[in-house]
Structure formats: structure tokens, C-alpha cells
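Colleague: For the record, the sequence lines run as chains D and W.
Residue 13 is where the first sequence starts when you use our numbering, and the numbers rise one by one after that.
Residue 409 is where the second sequence starts when you use our numbering, and the numbers rise one by one after that.
Please keep in mind that the hints were generated in silico from the structure rather than gathered at the bench.
Note that CB positions come from ideal geometry on N, CA and C, so glycine has one too.
Worth double-checking, as some hints may not be accurate.
Selected chain D positions facing chain W (in silico; Cβ < 7 Å) [stated by the list, open to error]:
1. G46
2. E47
3. I63
4. I67
5. N70
Covered stretches of chain D (in silico footprint by chain W; criterion: 3 or more residues with CB under 8 Å from a CB of chain W, positions within the stretch not fixed) [stated by the list, open to error]:
6. 49-58
7. 76-85
8. 102-116
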Amino acid sequence: MADPGVAGMVGLGIDLRRVVFVPTPGTAWPSVVGELIDGADMVLVRCEQQIAHPIARNLVAKARDRQVTLVIVTSTPEQWPLPSDVELSISGATWSGADGGYGHFVSRRATVSASGRRGAVREHVAALWLPSSDGDVAVATR
Amino acid sequence: MDRLVAVGCPDLTDEGARGEQLRTFAKVVEAVGELCPWVEPIRLGLAVFPVRGPSRLLGGDDAVVSAVANALAQVDPSVVIEIGVAPGLFAAQLAARRGLLISAEALPEFLAPWPISVLARPELASVLPRLGLRTLGQFAELHHREVFSRFGADAAMCLQVAKGEVGELSGLRDPSIGRRLRSLTASASPLPSQTTFLGGMGLADERLAVAARRLQAQLGPESVMVGYDHGGRSPLDQASLVPFGSRPVVTSHEAPWPGRLPSPSPMTVFTDARAAQVFDGEGDQVLIDDAGLLSAEPARCTVNGGSERRVINWAGPWPLLEAWWEAPRHRARLQLLLTPATAILLVFEAGSWWLEAVYD
Chain D
13 MADPGVAGMV GLGIDLRRVV FVPTPGTAWP SVVGELIDGA DMVLVRCEQQ IAHPIARNLV
73 AKARDRQVTL VIVTSTPEQW PLPSDVELSI SGATWSGADG GYGHFVSRRA TVSASGRRGA
133 VREHVAALWL PSSDGDVAVA TR
Chain W
409 MDRLVAVGCP DLTDEGARGE QLRTFAKVVE AVGELCPWVE PIRLGLAVFP VRGPSRLLGG
469 DDAVVSAVAN ALAQVDPSVV IEIGVAPGLF AAQLAARRGL LISAEALPEF LAPWPISVLA
529 RPELASVLPR LGLRTLGQFA ELHHREVFSR FGADAAMCLQ VAKGEVGELS GLRDPSIGRR
589 LRSLTASASP LPSQTTFLGG MGLADERLAV AARRLQAQLG PESVMVGYDH GGRSPLDQAS
649 LVPFGSRPVV TSHEAPWPGR LPSPSPMTVF TDARAAQVFD GEGDQVLIDD AGLLSAEPAR
709 CTVNGGSERR VINWAGPWPL LEAWWEAPRH RARLQLLLTP ATAILLVFEA GSWWLEAVYD
């Protein structure tokens, strides 16, 4: 069992007063996501398993209707059965800052690729700091 | 469901004509707060804190209970104090009445003999006994769907509480308790301004609050959580999730915590115990000695019985020098970079390593 790292979110500048978490929605999760789409401007769903096509379609339709951003986090792309407007994937992430007992994890460099449909058909690949040593997200230039 | 230590003061459930009971209760909360910084006043005469951290440090729930009892005996020996431990707020307050320590496995058995009236639902307390259901155990044998369709969502929530599936029941918490206690100390130590979730922040927040309450009505108060940043030492202590609506959300980094882990904090923090082992290049266990030094350079690591992985780099250890409970403790944290690429945070305590968090 794991909790979202709330302290880490504060570090990224997320205002905890504007976020609610439903860590264990159980089998009722599609209706939970539906309720959250009614209430929030952005809903982030972490998939633990394959999502059935009709459920995905309903959620997307509802999110589009309410003009809510729906972010689906999966461990493999196949878990979400529908094409997305934008697909982001992360690879080759590594932390720097730890050095034989000295220092501490400071920044993480990762390769992020973005593809999708409509205006995002062309795939973009970029090396990003997630986070940078300043705690921000930044393009890695070196 | 976190196991909670409940500290009850049965004589301090009213404010008192001149607020004297409230002041005594504030002293109790303060004294418990010196033992455990995350003590949470629930209502007049009841405060709780999670037992897990103190129990690991002190070597058991018994030790935590006696530490609290000793501390409170020094505050005011005339105050009646009841202490109990159980999973979830509802069971913890009942355990305090009996002075019992209840494990997660023993929870349904502990709840079963209590009368329906402990749910504080007058309608259920009058209807259920007429159906022959006098105890929580008898009530718990009903099916969720039946109770929901016949008595409604609130009764269905009571059923989950009676079954021991859910630890919170609406009505247990007095939303004004924080403000009332603060009013006593406001002149002495001004607290940072606290904004509640709604806090007059506009329509968007209100819309989310409505959705959150609807989910809580369906799934129980613990289903919807908000982040609460205490500013403590470890990722687990620094911030936690509390039920939506249970307390104001504070984001204050004013408390200077020595030994606090350097930023950035990990994004996944484990709530269950995951054992880890660290080995040096010779295959010997790496330990941390009393001086807070590693016995050897870490070379390999296993987590939760998984396969052995190579350590690419590491930082720390950071010893935690805490005077909590005045018991001598040697705890330290270590950041490890493993291959395939994973960054983890381990904690070393009493000769063993535990996985605390992942930087993902």
C-alpha cells in the first residue's frame, strides 16, 4: 500500500488546499471518477489494470462534456483502450546528486516523449529535468 | 485504516462554565503533543494520534500507552484519563473507554458486543433492537445493499463501521475543537493563519467540496482525503492524508526540523512495512553503527523479498537525533540509486532496513 507523496507535491508547488485524494476507490472507481469530473477541473486516474472500453468511453465523454482535463496514468499503454489527445511517456529517468554517501538526490533527468492526435500528431522527444535542482520542471540542455 | 491511540477524558466533555474544562483538556492535548507531535484533538475530551511511529520507536503499543499515561499523570493527577488503541477513530474511542489494545484482526470481535447506541444514531438505536438486532455484531451481519435501500446512506456507513471496514463515522469529530483550543492559546502563541478547504476561495472549490461530500456519503469519510503538511522529519511524518472535512489544511514550513530529509521529497510513500536488505561487495550485510556510520559501502540491495539489485550510488546515512520519549534510538535514512533505474529511501532501525519511499 502506498500513499501519494504529499510532501513531494508541496515541493513541486502544488497547493494542497486545492487537491482531494481518493486513494482506494475500490470497484466503484468509475463512478468515483465520474463524481470527481463533476467537481474538479482536472482528474488524475492511476490505472492498476486493464480498463474496459465502455468505461473509458463514458469517462472521456463526460470529461469532454464538462471541459475537464482527464489524465490517465498507466504502467503500460495497453491498459487504456482509447486513443488520447496527447500521450506522454517517460523513459531513462535517473537521479543525480547522490555521490558515494555525500550529497542527496537533487534532480532527475528523464526523456519524455509526447505524441497524440489533432495538433499533436508529430512526436516530440525532449530531455527534461523532473525536477531540476531548483525544484522546477525544465528542459535539460546538456 | 491507521491504528490510533485514543486519549479520552470522560470528565472533560463540556467546556465548563468558565471554560475550565476546556483549559484542562488543552493541557492534556499539549502534554500528549510533547510525546507525539501529530496528536489531533477530535472533540472535547478526546484526542488521537497514530500509534505506528511511536510504537516502532518505543518497542510496542504497551510502551506508548504507558508513556502517555505517565506524561498525563504529571499534568494533573485528578483528571481521569482513558487510553486505548484500535484501528480507526470509531473503534479507538471505544477501546479507550475499556483501556484496551485492539489489533486489526481482533477488530470485528471487539466491536461485536457494543450496543447499537454507540453509533450515536437515535433512529437506528430505536429501530434495530425492535428487529432483534441489539449489538453491532448482530447489525454487522446485515448486507450493505439491504441496509442502504432500507435505511439510507448514513445507516449504510454505520454498517461499514460496525463491520470494522471503515474507521470514521460522521459526527465523531467536533469541527470547532481546533478553533476552541486555539482561542485559549491565541494570545500566547499566534498560529499561522489557517484556511479551510472552502475558505471562501470561490466557486471552483465549492464545486469540488460538493463532489467530495457526495463521495464520502457513498464510500465513507475516509474515502476522500486531503493532504496535510505538518513539516515533520520523514516523508511519512512530514505530510499525511486526513479525511476531507476533518481539519483545516495547513501548509506551513515554519517549524525547523533538525534531521529533515533534504528536498525534493519522494512521490510515493509506503504505508505498510516493507523489509529491505543492503549488502556490501563481499555479500555481507551493511549496517549502521551507534555513531551513525555505515559498516561498509552498499553494493547490492533487495526489497520486500525481491531479486537482488545493484547499488549504483547512495547518499547518507542521515541519523535522526530525536529526543522523543527520551528513549535511546538509532534511526537513520539512506538514499539508494539502484539498477534498473530506481531511486529509493530506506530507513535503518533496530538492526533492520525498511523501504520508506520511492522517488518516481
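Colleague: Against each hint, give a clear statement of whether it holds in the structure.
Modeller: How the hints compare with the structure:
1. For the restraint placing G46(D) at the interface with chain W, the shortest Cβ-Cβ distance is roughly 10 Å, beyond the 7 Å limit, so the hint is violated.
2. For E47(D), the suggested interface contact is upheld, since its CB lies about 5 Å from the closest CB of chain W, less than 7 Å.
3. A cut of 7 Å between beta carbons decides the hint on I63(D): the least distance to chain W is about 20 Å, and the hint is violated.
4. A cut of 7 Å between beta carbons decides the hint on I67(D): the least distance to chain W is about 18 Å, and the hint is violated.
5. Using the Cβ-Cβ criterion of 7 Å, the hint placing N70(D) at the interface with chain W is not satisfied: the shortest such distance is roughly 17 Å.
6. Counting residues of the segment 49-58 of chain D whose CB falls under 8 Å from any CB of chain W gives 4; the rule of at least 3 is met.
7. Evaluation of the coverage hint for the segment 76-85 of chain D: breached, as 0 residues show C-beta separations to chain W shorter than 8 Å, against a requirement of three.
8. Beta-carbon proximity to chain W at under 8 Å applies to 12 residues in the segment 102-116 of chain D; the threshold of 3 is reached and the given coverage holds.
When held up to the earlier numbered hints, the structure conflicts with 1, 3, 4, 5, 7 and fits the remainder.
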